[in-house]
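Chemist: At position 361 of the sequence shown (counting the first as 1) the number is 1518 in this note's numbering, and the numbers step up by one without a gap.
Hint data in this document are derived by calculation from the structure and do not stem from the laboratory.
A portion of the hints provided could be inaccurate.
Simulated restraints, written as ranges between beta carbons of each label pair [claimed, not checked]:
#, residue 1, residue 2, range
1, 1365, 1311, 50 to 60 Å
2, 1318, 1540, 27 to 37 Å
3, 1365, 1308, 21 to 31 Å
4, 1489, 1549, 19 to 29 Å
5, 1482, 1541, 30 to 40 Å
6, 1316, 1568, 16 to 26 Å
7, 1569, 1308, 15 to 25 Å
8, 1375, 1493, 32 to 42 Å
9, 1458, 1312, 29 to 39 Å
10, 1409, 1363, 18 to 28 Å
Derived lysine-lysine pairs resembling DSS-like cross-links, with alpha carbons at most 27 Å apart [to be verified]:
#, residue 1, residue 2
11, 1397, 1455
12, 1466, 1418
13, 1397, 1418
14, 1466, 1505
15, 1423, 1447
16, 1455, 1423
17, 1418, 1444
18, 1397, 1505
19, 1466, 1397
20, 1423, 1397
21, 1447, 1361
22, 1418, 1361
For glycine and all other residues, C-beta sits at the position ideal for the given N, C-alpha and C.
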Amino acid sequence: MASGVHMPSFQAPKGSPQQDTSDLFGDDDDEADTNSESEDFEEVPVPNASAPAKASPEVVEVEDDEEPEEDEDDDFLPSRVNKYAPADESSRQSHNAPPTKRRRTDSPPPKQPTRPNGSNGQSGYKPATTKQPLPPPPTQHGPYIPTFFNASSNRNEPLIPSIIGSEPLDEVAQEISSWIEYYTQNLNPEHVEIEAKLGIIIDKGSNARLTGLSLTECILPPNLPIDTRFESNMPLQAHKHYNGLLNTLVAQAVPGQPRVKYSHTKLVDEFYSEGHGEKTRLTRDEKSGKVAACVRKKRIADLDVHSPKQGVDWRISINLEEPASNPTGNPAHTRRKDRISYTHQAFKIDLTQVTSSHNGPNQLLHELEVEFVNAAELLRHRARRTQAVPGANPFDDLVRVFVNNVRIMARNSA
1158 MASGVHMPSF QAPKGSPQQD TSDLFGDDDD EADTNSESED FEEVPVPNAS APAKASPEVV
1218 EVEDDEEPEE DEDDDFLPSR VNKYAPADES SRQSHNAPPT KRRRTDSPPP KQPTRPNGSN
1278 GQSGYKPATT KQPLPPPPTQ HGPYIPTFFN ASSNRNEPLI PSIIGSEPLD EVAQEISSWI
1338 EYYTQNLNPE HVEIEAKLGI IIDKGSNARL TGLSLTECIL PPNLPIDTRF ESNMPLQAHK
1398 HYNGLLNTLV AQAVPGQPRV KYSHTKLVDE FYSEGHGEKT RLTRDEKSGK VAACVRKKRI
1458 ADLDVHSPKQ GVDWRISINL EEPASNPTGN PAHTRRKDRI SYTHQAFKID LTQVTSSHNG
1518 PNQLLHELEV EFVNAAELLR HRARRTQAVP GANPFDDLVR VFVNNVRIMA RNSA
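Kindly produce the complete structure, drawing on both the sequences and the hints.
Modeler: Structure below.
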């Protein structure tokens, strides 16, 4: 196993076509078709956190009836072949012993318990001529544990992930970890945003979704000889599908696992041009008008992941959001965001209906994002990544779960 982590340069060669990363707020205003349909998010009742959780079902451990292996010399003792036979052959009553006289009693003798395997107490065991089918496994409570049937021991045994006892590293997740580490090394962790959006990768030559590049999920290289762009808009029905799916997760309460929490916000973004291609975004609460945030956003890098077996692709973006003073004058354009956020552990999934007036008449977009709740916490473990075994540190663990969440969303697309 390699002791170090290969750090790709992630620099496209000169003259190679670049993926479309125009528009400072491209993650917010990716190219999309105009959709006149709006969506009313389906609310879900939040489970009462103070209510006592339902007791988990009692786990009944089934003891193994198989006796420990004995020495070969003892295999054919009567006590081994017939467990109801006396262990000591000398303890049997001799045939030549005088008969015992029955003692008279005034009351009938008590009823004798039923003898096992026959009226004389002898075992009715007969060697099976054919193997009997194994009984179905007992109903399992708790996490699923993979097993396999071991013919040598004639029983099911735990199935370990590989010959070395662990699973091989996920190459896609490892490459994404290296990519994040590379592009965030000179940034202020407190102002870094790391997010992934679902969408489709468009081949600009055919103006259709990219096809024929691979059979399974893959990361597109920066020097891809195809000019592409990423569209994060999805149909209204797909948005409603995700809304119902995530609401179901909120309503479910699995004992011993963290809950999925949600919040519903309605915000208005105002964009102000600062010159030199920079923009300031002022965010207000739609109802109260109070300023929620004012930042100057800069796109650092994008990484596109093609998923030909799924209905959607995805793009990971690293952005820098530095605090800015409230601008003056009129905004260049505005954007309304109706958003439901679902938070689970260190990650957040945003379902957003965006109404934007950028570049012409209002556009209605439907987006899904997965992001780190606190990217600074992830980057705090960045320095330890090169000191530990690849894949065995908190940085890689967090990125792997982040990627898994994106995959779950992509594989459950409508």
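Chemist: Determine whether the Cβ-Cβ distance between residue 1458 and residue 1312 falls within the hinted range of 29 to 39 Å.
Modeler: For residue 1458 and residue 1312 the Cβ distance comes to about 52 Å; the hint is violated.
Chemist: Check the following: the C-beta atoms of residue 1569 and residue 1308 are separated by a distance inside 15 to 25 Å.
Modeler: 39 Å, violated
Chemist: Holds or violated: residue 1418 with residue 1361, Cα cutoff 27 Å?
Modeler: 39 Å, violated
Chemist: Per the hint of 18 to 28 Å, is the separation of the Cβ atoms of residue 1409 and residue 1363 within bounds?
Modeler: 42 Å, violated
Chemist: Return holds or violated for the Cβ distance of residue 1482 and residue 1541 against the range 30 to 40 Å.
Modeler: Holds: the Cβ-Cβ distance is about 36 Å, inside 30 to 40 Å.
Chemist: Between residue 1466 and residue 1505, is the straight-line Cα distance small enough, at 27 Å or below?
Modeler: 25 Å, holds
Chemist: Given the hint that residue 1466 pairs with residue 1418, test it: the Cα-Cα distance must not exceed 27 Å.
Modeler: 30 Å, violated
Chemist: Taking the Cβ atom of residue 1375 and the Cβ atom of residue 1493, is their distance within the range 32 to 42 Å?
Modeler: 36 Å, holds
Chemist: Lying within 21 to 31 Å: is that true of the beta-carbon distance residue 1365 to residue 1308?
Modeler: 52 Å, violated
Chemist: Is it true that the C-beta distance of residue 1316 to residue 1568 lies inside 16 to 26 Å, as the hint says?
Modeler: 24 Å, holds
Chemist: Straight-line Cα separation of residue 1447 and residue 1361 no greater than 27 Å?
Modeler: 41 Å, violated
Chemist: Take a quick look at whether residue 1397 and residue 1418 sit within 27 Å of each other, Cα to Cα.
Modeler: Holds, at about 18 Å.
In summary, the structure is inconsistent with hints 3, 4, 7, 9, 10, 11, 12, 21, 22 from the numbered list given earlier, while agreeing with the others.
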